[in-house]
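Using the sequences and the accompanying hints, generate a full structural model.
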Amino acid sequence: MEQYIIKGGNPLVGEVDISGAKNAALGILAAAIMTDETVLIENLPDVKDINVMLEAMAGIGVKVERITRHAVMLNSSMIGGVSVDYEYIKKIRASYYLLGALLGKYKKAEVPLPGGCNIGSRPIDLHLKGFKALGAHVSIRNGSICAEADHLRASHIYLDTVSVGATINIMMAAAMAEGRTIIENCAREPHVVDVANFLNSMGANIKGAGTDVIRIRGVEKLHATEYSIIPDQIEAGTFMFAAAATKGDVMVKNVIPKHLEATSAKLLEIGCEVEEFDSAVRVVASKRLTCTNVKTLPYPGYPTDMQPQIGVALALASGTSIVTESIFENRFKYMDELARMGAVAKVEGNTAIITGVEKLTGARVSAPDLRAGAALVIAGLAAEGITVVDDIVYIQRGYENFDEKLRSLGAEIQKINSEKEAQKFRLLVG
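Per this note's numbering, the sequence shown starts with residue 9, numbered consecutively.
Worth flagging that the hints you see were computed from the coordinates, not collected in a lab.
Errors might be hidden in some of the hints.
With a straight-line Cα cutoff of 30 Å, these simulated DSSO-like cross-link-like pairs (lysine-lysine) come out [stated by the list, open to error]:
#1 K367 <-> K432
#2 K137 <-> K229
#3 K56 <-> K98
#4 K99 <-> K71
#5 K215 <-> K266
#6 K215 <-> K116
If you're wondering where the values come from, they're calculated on a predicted model, not measured in any experiment.
Shown next, in the form of structure tokens:
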């Protein structure tokens, strides 16, 4: 089983390039099956979630041609069925986007109930409510969601809670429904906008993405396109907090600074210098961080996917901080692992009260999910001594070349498979 072994204590210094946004790419890949013509998608991150999604698509007959590591050509004219294999779905939650895409194009879809990280309840009832409003009959049979319709007809849909997944799924289904659909209380995240822009580049008529009301005029068919995915704001934020926690100086390149405003604001609050450029952000931490309070909220609020990373930074800050998680209830599982490294935190329901310590010390910890795993790597980089992070398969689901990018900034981190490799690393780093 692969692990990361880390010798902490080095400030991260240098420049790092950010990959394409995983969460946008998953929705865009699904949407690509809605045309029979060939689609070229660029700036695709080479991470496990994306590769599983491409396998799932190939499994239903999509012709997948990897042009380069970060570009793929897709042709869906030979799709043989609308039933997706459970083997793929259990690995990644976002494979449920195939529901909206298949339903929109073929008026029927069968997708197993989704898997992914266990960070809390993420019900799909809003997705199903939207499909039903468009005229689909939806049922759950043998562990799969089955949706079908003679015709999809436009509707006025109000989402009870803000949901990125439901917004994207309903938007895809409505793109080829008859008439004009209005979706209210939509998610406003950058990857919702990116999926809408991609659909529009194929001939869809979607307006209002990025606001809380999206208006869609259904079209009969979609056509070929070439599209480049936006940079990953969560990967960017992770490196920004890695700079903060290690007292580093990092230029995070290939980003859209506007997407990082909530993250940048918190870094400024805890005492970092943040400098914005056209497509880069520089974070400098020259002194000990200070405490703050943070609450996760839908975009443009502070992202839940950045909560573990700020949690690690606040564990090293002076004073007591309060972190409130309002999106997912299991997001604090990493706190037990952080405690093994000397962090002082008390979790009460959806709130963590963190009392900063002068230093963390290396320990063996386990990644409970994708973002928490990345946060524990940051903790290891900031800690004194050697840290081993288990279950890094979670981290590899969403971060491309994570250890290589960190090494380019001066981190002492290695991916290992055995105790022998761990011993070799210990000898090398002294």
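Fill in: Structure versus earlier hints, numbers of those that do not hold, lowest first
none
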